[in-house]
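**Student:** Given the structure of chain A, go ahead and fit chains B and C onto it with the hints provided.
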Amino acid sequence: MELLIFYAFCVGAVVSALLMVTTKRPVRAAMSLVATMSFLAGLYALLNAHLIAVLQLIVYAGAIMVLFLFVIMLLNIEEKEGKLAKNVFFIQLAGTVVVGILMVAMVVVMNKIGAPVAGAAVDETFGTTKAVGWMLFTKYLLPFEIASVLLLAAIVGAVILAKRRIDNSKA
Amino acid sequence: MNPYVPVLIMLFLAAATAAGMIAATTWIGPKKKFADKMEPFECGESPIVNPKQRFSVKFYLVALFFVIFDIETVFVYPWAVLFRELNWFGFVEMMIFIFILAVGLIYVWRRGALEWD
Amino acid sequence: MMEAAATSGAYWLRLIIGLVIVLIFSQLNALFLVWLERKVAGHIQVRLGPMEVGPHGLLQTIVDGIKLVGKELITPARADRILFVIAPVLVFTPVLVAFLVLPFGPDLIIRDMNVGLLLIFAFSTFSVLAILVGGWASNNKYALLGAIRSVAQAVAYEIPLLLSVMSVVLMVNSFRFSELVMAQQRVWFVFLQPVAALIYFICATAETNRAPFDIPEAESELVAGFHTEYSGMRFGLFFLAEYTNMFIVCAVATSLFFGGWHGPFGFSFKIPGVVWFLAKTYVLLYVLMWFRWTFPRVRFDQLMNFSWKVLIPLSMLNLVITALVLKLI
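Protein chains in written order, with the working numbering: chain A, 1 to 171; chain B, 1 to 117; chain C, 1 to 329.
One chain only, chain A, in its complex shape:
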């Protein structure tokens, strides 16, 4: 049963990802990405990673995709369709090379750490908010604090980029 749902989600994630890269309309592409994110959240839920599944929906499907859609709508990218079509061959070539490198890297890493054992037993608390939080606030303390600095940098960057436009348009 769970295996069946797992495969359904996998197919869903791959199909929506393919839709995202093949569709020509930016808003549809963004919505396909939302679907991909949701299927991934479903996969996390199947793995009993409760907190990660919920956060996947809140942060990716919610916050980040809202930002993407906003940008697409605000800039009205629709009209710019087809402008990239000039050097399509080189872009495709570059894409293939990058994906190939990623693929090789993944295989190497997998060989190094060993593939995850299917059906490995996990205890009751695995993936709960407590378990994830405990790791975050003890073992991964430094990355957690650095995350706040990173967020601060993002705030400052956004203000500097956008504020100039606002001031210019006023003057």
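Among these hints, one or two may not hold up.
[What the hints assert, rightly or not] For lysine-lysine, the following DSBU-like pairs were computed, each having C-alpha atoms within a straight-line distance of at most 30 angstroms:
| no. | chain 1 | residue 1 | chain 2 | residue 2 |
| --- | --- | --- | --- | --- |
| 1 | B | Lys33 | C | Lys71 |
| 2 | C | Lys327 | C | Lys309 |
| 3 | B | Lys32 | C | Lys309 |
| 4 | C | Lys39 | A | Lys24 |
FYI, nobody ran anything at the bench for these hints, they're computed from the structure.
Predicted model, so just to flag it, every value in this text is computed and none were measured.
**Tutor:** Here is chains B and C on its own, set in the frame of chain A:
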């Protein structure tokens, strides 16, 4: 049994209900189409400009701030659950985190990026 | 494995029947709320409201629903057809998930999940996306303006909402609804966290696009906001989802701040928990409707400033103070 299976079934049932209701309207409702009726509504006039205009960059700023502060609250979730077990160490940890973001909020405020005028 | 197979048939049947009952309850409840809103509006304006169909017009909204099914579905010219059709389904579907984790009574939680509270917030993000996409796909300037405003408002009020909820979680240390409610057996959290309760309720009003925060639909300036171009049952789905959402935010407020199924200060007066829970939720819903006919709509800049400059700093401060007090005692 995975606890999320009922969620999945519920989503299916709800989507089926919604699709069923729309299908019912499509089936029962009248279908008299002509060009003027299909035009987007604009107080009785024909639309003269494309609605897809560019919007102010401020909306983008708001969306970006939302992502940043949303991620902040995401870090608060596990902290709130673990609060008792983390003792003073965890408390200080989170206070530093919130302080850094509060500095961000003050910066945004002082630069006037929150003003709508 | 063998045992599971033997019981699974009955188990699935029970589960699916249960879910269908939840679905029907939630929709009848939404229809009842629409009727209640019209009644409240009527009486506040010294009118009677619907009176013709059924006793005191109780069946009016059901008849209205049937009428909506008989209406023509119009897709405006040059609209993005696929997204236009998907948006109403997308707004209607996720809200129902919340009913799986809401604690209606001590034995009346369908699934008491480890991340119950977060699950509701996770699925509520989809309605924001659906509104944005629906408004955009309509190819109508009012719809697009309404959608953009709606999202700017929803995202601005989501952060204080989550932060105010976190100060309650801080006291209970769990996202499980049963534990959140059990912790309020003696004292409701509204007395311990009055600021958080107030912030939550203001944000909930904004999140459900209710007056005085009804800028996304502002009838007098944007026709009908993001659902201007929607007709028939497509519009009906937006409407049902909106009222279901109202019920959910009030039910969450009841279980977080007003003791859920508990009576005040540990007295239950021999009234079952479900009755307490629903009664408190409906009182909150009444307050929400009362708001609409009392407060004038706020301006967009006031709306954004109020969230970013008042609610967010206040909810952050409330969180820090709560944490400090909890550490010191």
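**Student:** Confirm or reject each hint.
**Tutor:** Hints versus structure:
A hinted pair counts as satisfied when its Cα atoms are at most 30 angstroms apart, and Lys33 (chain B) with Lys71 (chain C) qualifies at roughly 13 angstroms. A threshold of 30 angstroms between alpha carbons decides the hint, and for Lys327 (chain C) with Lys309 (chain C) the separation of about 28 angstroms falls inside it, so the pair holds. This hinted pair does not check out: Lys32 (chain B) and Lys309 (chain C) have alpha carbons roughly 51 angstroms apart, beyond 30 angstroms. This hinted pair does not check out: Lys39 (chain C) and Lys24 (chain A) have alpha carbons roughly 48 angstroms apart, beyond 30 angstroms.
Consistency with the previously given hints fails for numbers 3, 4, ordered from lowest to highest.
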